[in-house]
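Trainee: Construct the complete structure from the given sequences, taking the supplied hints into account.
Chains as they are written, first to last, in numbering that gives the first Met the number 0: chain A, 0 to 222; chain B, 0 to 256; chain C, 0 to 575.
Rather than coming from a laboratory, the hints here were simulated on the basis of the structure. Do not take every clue at face value.
To be verified - A few chain C residues facing chain B, derived, Cβ under 8 Å:
1) 26
2) 118
3) 126
4) 163
5) 234
Using N, Cα and C, we set each Cβ at its ideal position, and we do this for glycine too.
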Amino acid sequence: MSQPIPVSASDWNHLFDLAVGIALVAMAIVFGAMIYFLVKYRERKGQRKFVPDFRLGKSRPRESVIFASISIIVLVSLVVASYSLTPNARFEPAGSKGLIIDVTAYQWGWRFGYPNGLNTFDNVTLPGNTLIMFNVTSTDVMHNFYLVQFRVSIEAIPGRYNVIWVTTPAANGNDRWIYNIYCKELCGVGHTFMDATMTVISPSVYNQWMANQTDTTPSSAGG
Amino acid sequence: MTEDYEHGEECKSSYAPILLAAGVALFLLGIVVFLPLAVAGAVVIGAALYKFFKDGAEEKFAELKESLEEKWPLEFLNKEKLGVWVFLVSEILIFGSLIVAYAYVRLSSSAWPVATQTHDVILGMANTIILLTSSLAMVLALYSIRAGNAKGLKIGLLSAFALGATFLIIKLGVEWPMYYRNGFTISSGLPGSTYFVLTGLHAVHVGAGLAAVGYLIFRSFTGGFTSTKHSAVENIGLYWHFVDIVWMFLFPLFYLI
Amino acid sequence: MDGQPNGYNPIFGRRLKTIVFSIKEWLSTTNHKQVGILYIVTAIFFMAVAGSFGEMMRTQLAVPNNNFLTPFTYDQTVTLHGLLMILWVLTPLGIGIANYIVPLQIGAKDLAFPRMNALSYWTYLFSGILLVSSVFMPGGGPNTGWTLYAPLNTIQFTSQAGMTLAVLALLLFSLSVTMGSINFLTTIVRNRAKGVTWKRLPIFTWSILFTMSLALFAFPPLAAGLLLLSSDRFLGTVFFSSTQGGGILWDELFWFFGHPEVYIVVFPALGVIAEVFQTFAKRPVFSRTAFLVEFSAVTFLSVGVWMHHMFTTGVNYSVLQTFSFTTLAISIPFEGVVLGLVLTLYKGTIKLNTPMLYCLAAIFTVTLGGITGVLQAFPVLDYAFNGTYWIVGHFHYVMAGTTLFALVAGLYYWWPKITKRKYNEKWGVITFIVSFAGFNILYFPYFFMLDMPRRISTYSVSSGLATLNLTATIGAYIFGPAAAIAILNLILSLRKPPSQTSNPWEGRELEWTGDYSGSLATGNPTATAVTVAEPPDKSRSSRWYWCMTGSCKPNATAVDPTNQSDILRNSAGVES
Numbered sequence: 000m001s002q003p004i005p006v007s008a009s010d011w012n013h014l015f016d017l018a019v020g021i022a023l024v025a026m027a028i029v030f031g032a033m034i035y036f037l038v039k040y041r042e043r044k045g046q047r048k049f050v051p052d053f054r055l056g057k058s059r060p061r062e063s064v065i066f067a068s069i070s071i072i073v074l075v076s077l078v079v080a081s082y083s084l085t086p087n088a089r090f091e092p093a094g095s096k097g098l099i100i101d102v103t104a105y106q107w108g109w110r111f112g113y114p115n116g117l118n119t120f121d122n123v124t125l126p127g128n129t130l131i132m133f134n135v136t137s138t139d140v141m142h143n144f145y146l147v148q149f150r151v152s153i154e155a156i157p158g159r160y161n162v163i164w165v166t167t168p169a170a171n172g173n174d175r176w177i178y179n180i181y182c183k184e185l186c187g188v189g190h191t192f193m194d195a196t197m198t199v200i201s202p203s204v205y206n207q208w209m210a211n212q213t214d215t216t217p218s219s220a221g222g
Numbered sequence: 000m001t002e003d004y005e006h007g008e009e010c011k012s013s014y015a016p017i018l019l020a021a022g023v024a025l026f027l028l029g030i031v032v033f034l035p036l037a038v039a040g041a042v043v044i045g046a047a048l049y050k051f052f053k054d055g056a057e058e059k060f061a062e063l064k065e066s067l068e069e070k071w072p073l074e075f076l077n078k079e080k081l082g083v084w085v086f087l088v089s090e091i092l093i094f095g096s097l098i099v100a101y102a103y104v105r106l107s108s109s110a111w112p113v114a115t116q117t118h119d120v121i122l123g124m125a126n127t128i129i130l131l132t133s134s135l136a137m138v139l140a141l142y143s144i145r146a147g148n149a150k151g152l153k154i155g156l157l158s159a160f161a162l163g164a165t166f167l168i169i170k171l172g173v174e175w176p177m178y179y180r181n182g183f184t185i186s187s188g189l190p191g192s193t194y195f196v197l198t199g200l201h202a203v204h205v206g207a208g209l210a211a212v213g214y215l216i217f218r219s220f221t222g223g224f225t226s227t228k229h230s231a232v233e234n235i236g237l238y239w240h241f242v243d244i245v246w247m248f249l250f251p252l253f254y255l256i
Numbered sequence: 000m001d002g003q004p005n006g007y008n009p010i011f012g013r014r015l016k017t018i019v020f021s022i023k024e025w026l027s028t029t030n031h032k033q034v035g036i037l038y039i040v041t042a043i044f045f046m047a048v049a050g051s052f053g054e055m056m057r058t059q060l061a062v063p064n065n066n067f068l069t070p071f072t073y074d075q076t077v078t079l080h081g082l083l084m085i086l087w088v089l090t091p092l093g094i095g096i097a098n099y100i101v102p103l104q105i106g107a108k109d110l111a112f113p114r115m116n117a118l119s120y121w122t123y124l125f126s127g128i129l130l131v132s133s134v135f136m137p138g139g140g141p142n143t144g145w146t147l148y149a150p151l152n153t154i155q156f157t158s159q160a161g162m163t164l165a166v167l168a169l170l171l172f173s174l175s176v177t178m179g180s181i182n183f184l185t186t187i188v189r190n191r192a193k194g195v196t197w198k199r200l201p202i203f204t205w206s207i208l209f210t211m212s213l214a215l216f217a218f219p220p221l222a223a224g225l226l227l228l229s230s231d232r233f234l235g236t237v238f239f240s241s242t243q244g245g246g247i248l249w250d251e252l253f254w255f256f257g258h259p260e261v262y263i264v265v266f267p268a269l270g271v272i273a274e275v276f277q278t279f280a281k282r283p284v285f286s287r288t289a290f291l292v293e294f295s296a297v298t299f300l301s302v303g304v305w306m307h308h309m310f311t312t313g314v315n316y317s318v319l320q321t322f323s324f325t326t327l328a329i330s331i332p333f334e335g336v337v338l339g340l341v342l343t344l345y346k347g348t349i350k351l352n353t354p355m356l357y358c359l360a361a362i363f364t365v366t367l368g369g370i371t372g373v374l375q376a377f378p379v380l381d382y383a384f385n386g387t388y389w390i391v392g393h394f395h396y397v398m399a400g401t402t403l404f405a406l407v408a409g410l411y412y413w414w415p416k417i418t419k420r421k422y423n424e425k426w427g428v429i430t431f432i433v434s435f436a437g438f439n440i441l442y443f444p445y446f447f448m449l450d451m452p453r454r455i456s457t458y459s460v461s462s463g464l465a466t467l468n469l470t471a472t473i474g475a476y477i478f479g480p481a482a483a484i485a486i487l488n489l490i491l492s493l494r495k496p497p498s499q500t501s502n503p504w505e506g507r508e509l510e511w512t513g514d515y516s517g518s519l520a521t522g523n524p525t526a527t528a529v530t531v532a533e534p535p536d537k538s539r540s541s542r543w544y545w546c547m548t549g550s551c552k553p554n555a556t557a558v559d560p561t562n563q564s565d566i567l568r569n570s571a572g573v574e575s
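Mentor: Rendered as structure tokens:
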């Protein structure tokens, strides 16, 4: 697909790749040691070996401290990387709050409310290269608003408004990017069928589309 | 290297556990599906509790006195008392969780009635004093039997039982019906829900405590306790004091704020 | 016993017809060995039920747009599969092995409160029967997932009686475990024989001590949540229907229980791995004191990480940062425990038989599963992981992998002790290889399914998930039957006559080497079951050391630890 990957996802992928890389190194060390020990110290025929010349059962403070220090350094580096590499969808941006979309989950679908009062169901059309603020809630049970390709999700909880920010990828001319929205929290028998889509179009096409809408029912999602 | 000890002699068998478990399961099934089953379950529970109490009275499962065990660091606690303390930890956690849940819903709600609007502080205070006095009676009962005074034991136990029963009668017979008449019920919203569930669970614990004290009374009248053999009095007393302490938390949390 | 009469059963030391076939005896037993066997048998039964549910789910998900199960049936299946496996299979399997082995390892006659032990078992059994029967209620059983999230769990959204019955079954089960924890904690503190000091406590018993301490803390909050839910469903209270934080309230109570619960599930497995490695590498665990300190650190920290299950609930972000920090912190001692186990192989004399293979597989799965858990500790990464098959892969690696493999290893390892028979080693290895392969084919694809939400009953062709799902289903069809045959191997060994070797593995801990014969005949004034010889050098912290030098036999002579011939002379007498 030539469809662009949102910025939040590419950042996520960088952090993920770094973490997986470190994980693979750690696993190689553990499994390597294990296999090495299994081969080198396997029981050979006729051997009954005891090792009284070995410091059995004694504490090893020096080795423990070294091990703990290495682990802490590795983990702290990962934590620092996670903060510097990845903007967090929950962090309120300074300045403009972006285009505010009210998202209301219900059994079993999604209602998107635009600032001018327009409501769409199971699809949200958005301009490209724009900061979007999703104001998420539910009218019945807990759902989970998952922007799959953005690698961002937040739960839709009745009586509560959860807010996330994403930036849509750029769209020009007749570009029309389709992204998936899934519900990630079991919410009844319709949970499997609660898919929605996000359609990203160029800002000028978006303005035209918005002007053509006749449904001006006020959004009742509050906010 | 064998461990073929004759378990028939050492580990005495009992039908009480399976009976109690079956009774409770039948009771729970009954309250969901078919109420007569729940009644049958309650009957089975009663039979099982009777068996447990009978085993206790016959001292079928009493421990050997002398033992060569590793005891550090809790040499001063015998096995039953340690068990009761561990049990009380679990009780602290369940009441603690419920109190935290109450705090959570109260603090995140915008409008919560002040206690004087919904609760009768005088009745609550009276109940508090009654429960405290019943704990005192249990302590006096224990000290009496330690000194070999069987009569003091009986008086203390009977007083504790009577005071505990009074607590329940005031709560269930006077206080709660009054609240219900005023519209403050278990389903009238979060304030009612939290109050009735927490104090209701506490009342169930008081009821269970009364059953245990009743067992003690029965045994004290049949000469089951002496100045050296009375650990049940102490252990059940511990539970009774705990139930009192829980009320010390519930009373201010519901009646005073 | 000497002069064994006909029909003598060496498991219980009584005549066969009065033991094994006496239903009355099994119904009224309070003996820890019989209760342990009851737990294990019942757990295996529930594993068959829950495992079949798992196979049904994988069948439904094998191809896109399948209609083998309706969404409602699928949701009930996934709920029951989760509840049964975590609570009615893995936890009781560990408890059952502990029931049998812990008193033997500490030299006790039985648990501290034998009748309460029996009550714990029967309550567990009946609660499981109640749960399974909830599916047959009109309206069906619970369909909310094992996490029973609010407000979905209220009467308004899940009105069927089967849901209420399941909630009560869970409540009954938490009472069972709480009683068990009181019992084990009191036993391990007070019923140790003279000579079994804290320093010399076997690692498996330590692991049960940690497990039961956590159980004491974790199950009451669950019971509290279930009580509130029950009162919502029966009495019209509004705890979880309330829009004033009802959903989050359930999350907090449930996960405050839920996280320690997963450690309750895995700790006995880690204890078994330590025992198996010690015996089959013929050396004590690496750096025992550090190992136990790290193990207890994991125990303490595990009550402070629960909100990492709630990273997507939208609670205050600084709270999430705190829990991310604690979750990363707990991974350090946990790594230490796993490394300590691996280093137990260092300079050992390693024998690769069935229990050892299962434990090695358990180390593999705990490393992989644990590391994916560390990745989930980052909230930003968890936004994409949470609620998808990545999480399903993570917890199946640590639960179906580590816990199940290690507890099965425990069954294989202690089988000669419990039944005095040897299973078929060749078939043990074959079923291990097949089940390990099937396990990985089943669960490794899950880490590539970030686009698949959990608990969906089907998916479309255009989602691109078909190949991975079909692969996983094939893995399930391999893993399930192989696991069943592994258990069958154990059961079929009972056809053979009992062997006379009571310590075929040359195990060193007290359950193998303790002299329990005749110490409990009436008239014996001691309350403990075994006399443990004092080691010549009281400064030794590990029983292993002086046991390896042969000194743990009651009448062993003192040895010079540097004299090889001395050691071989004494150790030759250790196994019978």
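Trainee: Work down the list of hints and note, for each, if the structure agrees.
Mentor: Now for the hints, and whether the structure bears them out:
Checking residue 26 (chain C) against chain B: minimum C-beta separation of about 5 Å stays under 8 Å; hint holds. Against a cut-off of 8 Å between C-beta atoms, the interface hint on residue 118 (chain C) holds, since the closest Cβ of chain B lies about 4 Å away. With its C-beta approaching chain B no nearer than about 7 Å, residue 126 (chain C) sits inside the 8 Å limit, and its interface hint holds. Proximity of residue 163 (chain C) to chain B holds as hinted, the smallest CB-CB distance being about 5 Å (cut-off 8 Å).
About 5 Å separates the beta-carbon of residue 234 (chain C) from the nearest beta-carbon of chain B, less than 8 Å, and the hint is met.
In the structure shown, no violation is registered for any of the earlier numbered hints.
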